[in-house]
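**Q** Listed below are the residues making up each chain.
Number of protein chains: 4
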Amino acid sequence: MGEKVTVGIIGASGYGGVQLVRLLSEHPQVEITYLGGDSSAGKKFADIYPHFAQLPLTIEAIDLEAIAQRAQVVFLSLPNGLACQMAPTLIAKGCRVLDLSADYRFFDLGVYQSWYGGDRQDQEIAEKAVYGLPELFRDRIADAQLIGCPGCYPTASLLGTAPLLKQGLAQPETLIIDAKSGTSGGGRAAKTHLLLAEADNSLGAYGVARHRHTPEIEQICSHLARQEVQVQFTPHLIPMVRGILATIYATMRDPGLVRDDVLTIYSAFYRSSPWVTVLANGVYPQTKWAWGTNRCYIGVEVDPRTGRVIVMSAIDNLMKGQAAQAVQCLNIMLGLDETTGLPRMGFYP
Amino acid sequence: MGEKVTVGIIGASGYGGVQLVRLLSEHPQVEITYLGGDSSAGKKFADIYPHFAQLPLTIEAIDLEAIAQRAQVVFLSLPNGLACQMAPTLIAKGCRVLDLSADYRFFDLGVYQSWYGGDRQDQEIAEKAVYGLPELFRDRIADAQLIGCPGCYPTASLLGTAPLLKQGLAQPETLIIDAKSGTSGGGRAAKTHLLLAEADNSLGAYGVARHRHTPEIEQICSHLARQEVQVQFTPHLIPMVRGILATIYATMRDPGLVRDDVLTIYSAFYRSSPWVTVLANGVYPQTKWAWGTNRCYIGVEVDPRTGRVIVMSAIDNLMKGQAAQAVQCLNIMLGLDETTGLPRMGFYP
Amino acid sequence: MGEKVTVGIIGASGYGGVQLVRLLSEHPQVEITYLGGDSSAGKKFADIYPHFAQLPLTIEAIDLEAIAQRAQVVFLSLPNGLACQMAPTLIAKGCRVLDLSADYRFFDLGVYQSWYGGDRQDQEIAEKAVYGLPELFRDRIADAQLIGCPGCYPTASLLGTAPLLKQGLAQPETLIIDAKSGTSGGGRAAKTHLLLAEADNSLGAYGVARHRHTPEIEQICSHLARQEVQVQFTPHLIPMVRGILATIYATMRDPGLVRDDVLTIYSAFYRSSPWVTVLANGVYPQTKWAWGTNRCYIGVEVDPRTGRVIVMSAIDNLMKGQAAQAVQCLNIMLGLDETTGLPRMGFYP
Amino acid sequence: MGEKVTVGIIGASGYGGVQLVRLLSEHPQVEITYLGGDSSAGKKFADIYPHFAQLPLTIEAIDLEAIAQRAQVVFLSLPNGLACQMAPTLIAKGCRVLDLSADYRFFDLGVYQSWYGGDRQDQEIAEKAVYGLPELFRDRIADAQLIGCPGCYPTASLLGTAPLLKQGLAQPETLIIDAKSGTSGGGRAAKTHLLLAEADNSLGAYGVARHRHTPEIEQICSHLARQEVQVQFTPHLIPMVRGILATIYATMRDPGLVRDDVLTIYSAFYRSSPWVTVLANGVYPQTKWAWGTNRCYIGVEVDPRTGRVIVMSAIDNLMKGQAAQAVQCLNIMLGLDETTGLPRMGFYP
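Residue numbers (the numbering used here), protein chains in the order written: chain H, 1 to 349; chain R, 1 to 349; chain E, 1 to 349; chain S, 1 to 349.
Because the hints were derived from the structure by calculation, they are not lab data. Check each hint, because a few of them may be wrong.
Since the list gives no way to pick out one identical chain from another, each pair is judged satisfied if it fits inside one copy or across any two copies.
[To be verified] Here are the simulated DSS-like cross-link-like pairs (lysine-lysine), alpha carbons at most 27 angstroms apart as the crow flies: (1) K166 / K93; (2) K43 / K191; (3) K44 / K191; (4) K44 / K166; (5) K4 / K44.
All chains should be built: construct the whole structure from the sequences, respecting the hints.
**A** And the structure:
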């Protein structure tokens, strides 16, 4: 089996970080050699997450030099705008970097800056970054030194949409993505509207017509459709911890297509993708099926009355939508089977 | 204040029934004189709902003759297909009837039969029924002897859509309603997929492109738009007890309209409707705000990039979506203020 | 009906405050004339709770002089240690005061200071305060000028325990109260452990053997038992918004008593208490039955094998455990029926 | 690594079964060769749990002859009273059997029959069964041919109580176990009180003073204490899917012991138990820490005022409380490390 690959995680105290620690510490080919954090430096990891009592990990201050010496691969799980200050140094020192923030998701940093602000000087490095959605960019990920891991909403949205656009089934300008997410997507920082007493048994949209995942979705949709695509993207907060469902609407180019046709096209599209399950005729996904796994479940319906296709795409936002997908990318980068070390079956019920 | 109006409730053991009992027993102008049920006949109401221990009500077998003698107004809260066997008799005996099932929601019984099945012989009576959505049919409700109370999804959907169609703001063929409901909408009968262990922390669509509330929504939309309207309606089950949010998408006829314009039109439309609150610029509704009340909260967004208007409409599915709206209709039928006896402010948090 | 009583609420932005606003604005004999707050002064109440959009209330800075001029009765809903700085002034100016904090719950300020800290100079006023648990101190509340409203855990615990101790049924030193509360008891301030993503689907004890409601419970238990009583009190945080269940264990003095005997004694004890429902033989309370009401449900079991009595007492922590009980006290102070203006029947499901 | 052990699962469609399928299909030393069921015979497993779409398993009719030919080890996950009709045959044919029902948990079938009913003729075989709680009976499990796997409540209760009784720290007659469980403990059959609309946001006790897990707990407690022990056991239903917390109260024999003493004793007791984590001073367990793992978290508090020790014990009821603990037993039976194939770290948040 050879030597284990050494990995570091910077920003381990959030929900992305704790998933990375869990997955990587159970991964057979990997050894965690560095946990970095600023505000939590010096703490044992078990002080932050007591259920890791049996894991003797301590968070260290972020020292890029030390990290590069101890880790061949570095995961950055930090707020937007920080990875771009660290990745160039780590790459220069020979590390391979997987960034879970928005910093390296955009081909064009101008788009990044208009939605996320900040002043970016690393266009050259950003151009080399590969968008870490393996089902679409598997080959490029294999050779990449820098991965910009997708956002949770874009992962669910793009896996549901890609066959439509790539195969020219849908009229791109009719694309509407009504997305629903559990509250863990909002992170672990204490915010009033995410309190159980507020968020439980309630439901609402937010960021309508201006959520920052919109340009990320549009960038890849445009790439797939080989034309400029604008999408209507509406996120909703759902009273549950984990999971995203994207309900995707589009008018079909050919109104004669039936559900079976579309399912056949989807199944073919994902034939070589072990983490995407296209559901049988008439089965629609429940987000809980994906809980705890790296899997995306896709269901398809066609409405002959309206000429629309409706695609439902479900993931665990912290797994396929974040940490597990990053590990899937790592597997591809290391030449491993892309399912290595990742739970295959849902934690259910 | 005059004498109280006597009311009977047939089918009091479900969630609609228990809300009716609660609301009507606290209503200042009304006296419950009959609770009817078949499977539960002979039981004390508190045997079914122990939190009604202090209320000395017993469920009696359904005897239309006895009901008509004791109740001036009768609420029918039964599965589809039963009200149409009772309402004609009750009406003949002089009762006013509010039916909470689908039986009297359709102008054309042909539509009813093609979606709900059954063999209906009461077209004459069905034609006299008034659709019990007071914000649209207030005047006709006042004089009606038979009310077909709207479904929960149609109530949220239509209140959110009506100004768009009535004022010609939207292109009707672009109408997409992505609706989300708590599980109480599925009723109190034990079903595996509604168990807490299954439904909690999960989310999925169902009845895509074929839910029976679609023709009900289309019937009223067509009436409002004065043309045949087809809608794309997709219901989702949300891990919460109560509440519906309808997220409504439509392409605007005039792409120059901005959010303020649309809000002005909505506010004017609902000027005389005490139970609809059009939210301020940039505020989107949370379903929990409506919890326990008869209120509908509406938020509006316009996306200048795509030329679409996005309307969010939130109600409590058991209140404005069912029992409280029926009481609102009753108030109008009795010439009372339509807020009489209904909780005005949300149970929050 | 006479003129309405003018009331002020200081500290209206928390969960206690929003319940007070809701209840008092629907109360037929009361008019809210002052909402006071420091951090939220100048805001409309609907900015904090948008579901109050239809209620034109604005929060003003706390000015005791102005309050006393405009309000005959003042509710203080503030963190511990603030009411004792305001109540003496308000009382001196002739207001009647209901304090929802811990400041006036203790006969002996020494006990207060040893558990809550601070330096209290108002022993004289504190001695005149009446403990606002109407089922035990109804007569004294009627004449009081200052009410120290009970904590949520003590309310559930004491209503479940009082007949045992008052009638000498239980050996006081065996008293164990295992209490469970929804997360709204932790207030509306953003804390990580109360986030939905953390608290949902989880359960744990806290403050074991040292929670500050212990001395409050012991003070009243000792009063009832006419001897010093120590209780074992263990609170737990439950993944739900509202509700407290206290499961109370005690060894019976007379092992020959059976469940019916105990139920008879409980029913007699609460004969004149409209807000306590002693459940029938073999029925145990569900917290949700009490949701949205001022009611306490009590179930009783006797274990002949062990000689213990087990009492279960369920309330809505924000209603009978806080705001609605304060309104119940107000009703008694005003000579009204103690059920006036309070919802009688649970919001269910 | 040798050949894989062949295992069969009878009763795979419930929550215990689906966990067994998940765990055993990911276990490196085991191969599932038989899924048996009566009502579901002939169905694909993915028809019952669509998230197993990628696992090609079909449920077969229960044929003991066929099972014994294809499986060296058989898990029985059936309602009480069925395993005792199958286990004798399977054992006679040379299978090793792990039963997840109550049938083989009792040394004395008289106790079983008085609490569970039925007419048992298999006392001889029942006497050879080993109680499958590895932390207490590890050695006997290694050699057993028949395991009676513990109930979920007894697992949490006994792991929390064992050191107290075994080391004589507590007065046995003072033992009170106030236990709280998620609703998945009630199984997957549709019952009204387990509907999300009923159980969510509610909380109550059930089976007070007469729950069938009481004699199971008492049997092992008596064994540990070497005297007859009666416990006060009260289960509660909590609005969450998974998890059990047992809060255990006992008066200490030596009132001079402090928390550190008790923690030292607990840590020593579980020194060789990789699946029990005794938490640090002042840390109390959250059930969610155990989610998805076979771990039991134990926290300890001592109240010097009352002379009581309070122990909190948290598990995942479907894992350590059911399926994963059975796999832990299997590992011991096969001479493997007892952690083999079981997730070590919690699924969190």
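**Q** If a hint holds in the structure, say so; if it doesn't, say that too.
**A** Quick rundown of the hints versus the structure:
Proximity of K166 and K93 under a CA criterion of 27 angstroms is satisfied in neither setting, with 38 angstroms inside one chain copy and 58 angstroms between copies. In this assembly of identical chains, the alpha carbons of K43 and K191 lie at most 27 angstroms apart whether taken from the same copy (23 angstroms) or from different copies (20 angstroms). For the identical chains of this complex, K44 and K191 are neighbours both inside a copy (25 angstroms) and across copies (21 angstroms), given an alpha-carbon limit of 27 angstroms. In this homomeric assembly, K44 and K166 never come within 27 angstroms of each other (Cα to Cα): the closest approach is 47 angstroms inside a single copy and 33 angstroms across copies.
When the C-alpha separation of K4 and K44 is checked against a cutoff of 27 angstroms, the pair qualifies only within one copy, where the shortest distance is 23 angstroms, while the shortest distance between copies is 39 angstroms.
Comparing the model with each numbered hint stated earlier shows that hints 1 and 4 do not hold.
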